Amino acid sequence: MEIISKKSLASRIVFYVAAFCVLLFLISLSVFYFFSKKSIEEKTIENALEITQNTVLKTEQVLISSEKILNNYRWLIEKNIAYADSMEAYTRRILQMNPEIIGCAIAFKPDFFPEKGYYFSPFTYRNKDLLVSTQLGNEEYDYFVMDWYQIPATLEKPYWSEPYYDTGGGNALMTTYSMPFYSSNNGDKELAGIITIDLSLEWFTDIVSSVKILETGYASVISRNGTFVTHPNTDIIMNQTIFSFAAEMQSPGLRQIGRNMQAGKTGFEDVVVNGRDLIVSYKPLLTSNWTLAVVFSRDEMYAPLRQISLVLIFIIVIGMALMVFIVKKIVEQQIAPLKCFARSSIEIAEGNFNTELPDIKTEDEMKELHNAFVHMQTDLKKYIKNLKETTSAKEKIESELRIAREIQMGMIPKIFPPFPDTPEIDLYAMLEPAKEVGGDLYDFFMIDDTHLCYAIGDVSGKGVPASLFMAVTRTLLRSVAPKQRSTSEIVNNLNNSLAIGNESSMFVTFFIGIINLKTGEMNYTNAGHNPPIIIHADNKSEFFEITQDIPIGLFENYDYTEKTRVLSENDRLFLYTDGITEAENWDEELYSDERLIKCIRAINSLDPTEIVMKVARDVVVHVNDCQQSDDLTMMSIIYKGSKK
Amino acid sequence: MELTTNKKGDFTIAEINGRIDTTNYNEFETQIMDVIEKGEKNIILNCEGLNYISSSGLRVFLITQKKLMGLKGKLHLCNMQPAIKEIFDMSGFSSIFKIFNTEEEALE
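Taken in sequence, the protein lines are chains D and Z.
When the letters of the first sequence are read in order and numbered with my numbering, they come out as residues 230 to 873.
When the letters of the second sequence are read in order and numbered with my numbering, they come out as residues 898 to 1005.
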């Protein structure tokens, strides 16, 4: 399957069709072969039996007519038994009347005619066209002991001799039919002698030899004791018996058949001789107790069938080859557009949506595929157009947001240390918006040589609206603060400006402080912002007290309170927005005030940068990759004391 | 965040459950404005189930307060969890809103 699946669709279809056809042909051929074989077998067997029967009839006819002839003459001889000299005439007469008979003897028992001597047996035989008459018996040829005389005389029954070669007359194969005849003495029947006729077996052999069945099938006659009387192989005629032949061929089946023949049975049997499967049909000749056998080869029986099958297979193979070729061509032609579609889809995938599609003229599945491709092309074109538009719109917004962020970050001082020439103070701050722009802010600046103003704030909400509000707050702060020394005045000012027309109720939590660098005195105002942490020189830390002042931007003319405290040398301030204390991890746990102050206490550093960075790191550890939800802003200031 | 309301005397009691942050303050705003639009002027926000509020959420509280003040109605808050109360204190909102310990007190 591995190999097949790598081939083309056409090859695969052809393979399956061919496989199916081959299977079909094999089944058909097998069925044809099986039934034909059976039919041929039946026909051949029928034919063989018929041939056997016919041949037996033909041969028997001759033998029976010989028997009849002898019967008639016996009657004549018995009637005229007193006339010894007419006997020779009878023998001549028999030969004259019956051309198939080549010899005839009337052999009397010893001394039957005392005047004729011990032997009396007139005998006439054919010598070419002449009839020659003579006496048979003498000292050398004592016919009384011959089979042809002794057996019928003893049995008092006619007797067909075993076939034999006539040594006297022409070396022909012969057989002799002997029959006893009797004399009547006072009413008593008494054996008088034996009358014989010699029959040439040439005619017999001709009949049997003329039998042909299949290619090499033949008929054969086997005598009573198993001798081959006729056989296509002339060497074994009279030289071998069926038993000696069976022994030579090592065929026990043949020997059994021989026994059956001797028993006068009729049969139809398979036998293996010399490695060949033979079928033997045999039937006895009732007159002589010989057996006629028709023999043919099983292989030859099936030969025509094999031939037809070979022709069929040849035709099928040629047909299959043609079919494979034609089907492959047809399928390839039918699916040719698929390759074009594949090419088109690759081109489409590469971005060429206007690629040409194959031209389909038929109204079939190919047309459907074609229409689907057209549909896909137009849809893709539309989709890509939309995508380009939305992408460019998005990119525009993103680029605008990027610019907005740059502007916003530009509003916050970011050079540290900010006041390298002012040894009393050091400061560090950072701001990390959750989105591109945010609502947190911080700021610091010197109002004059001795006063540092710093602020941190957090606008409600996030993103663009918050960032706009933050920008406004920061701008107002820079315009208001330089004229003021009072933080509450600054915050009041900011609040009044922001509260006017604040339709959306945005607000800013805000912490502002002003430090006198000479004295360490600090006044501050907290408008709803997270209380900062103060870290004393001895590292004791605490939150500022909570004021009740509300965030700015809510109510016009709200009066904010101002507080003061004095910073000692190395006191540090830590300011932050709620993005720090409310930073959440995956379990929605807040970073919390407690953890913040614990962290601050653990830092124990005089460097504002280190304080901010370490808190930032601690927040990152807490958040643990959870998405930053709010802006993070921190500022740390150290008052190093007045340097005189 | 879930908001369930039921009427008790002159007041509609709205129970807040869950958190109000930047992701869902809009939802909270729409729901509470719906209540006001139905003609309810006196509202008690029961904050027993409120476990977190961001500045965006605080803004919705403020808008609600301003709206009801304009209608000459009342907004009472009650049953705040300590953490929420702390946020209100810290941001000064405790001084803007009327905050009660229990619903019964808020009803009086």
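No wet-lab data here; the hints were simulated from the structure.
These figures come from a predicted structure and were not determined experimentally.
Don't take each hint at face value.
So these bits of chain D aren't anywhere near chain Z, every CB distance computed over 10 Å [unchecked claim]:
hint, residue
1, T445
2, G548
3, K691
Here are the simulated DSBU-like cross-link-like pairs (lysine-lysine), alpha carbons at most 35 Å apart as the crow flies [stated by the list, open to error]:
hint, chain 1, residue 1, chain 2, residue 2
4, Z, K963, D, K664
5, Z, K982, Z, K904
6, D, K792, Z, K982
7, D, K712, Z, K963
8, D, K827, Z, K982
9, D, K386, D, K338
10, D, K769, Z, K964
11, D, K664, Z, K904
12, D, K792, Z, K938
13, Z, K982, D, K625
14, D, K792, Z, K904
Note that beta-carbon positions come from the ideal geometry of N, C-alpha and C, so glycine has one too.
Hints not upheld, ascending by number: 3, 10, 11, 12, 13, 14
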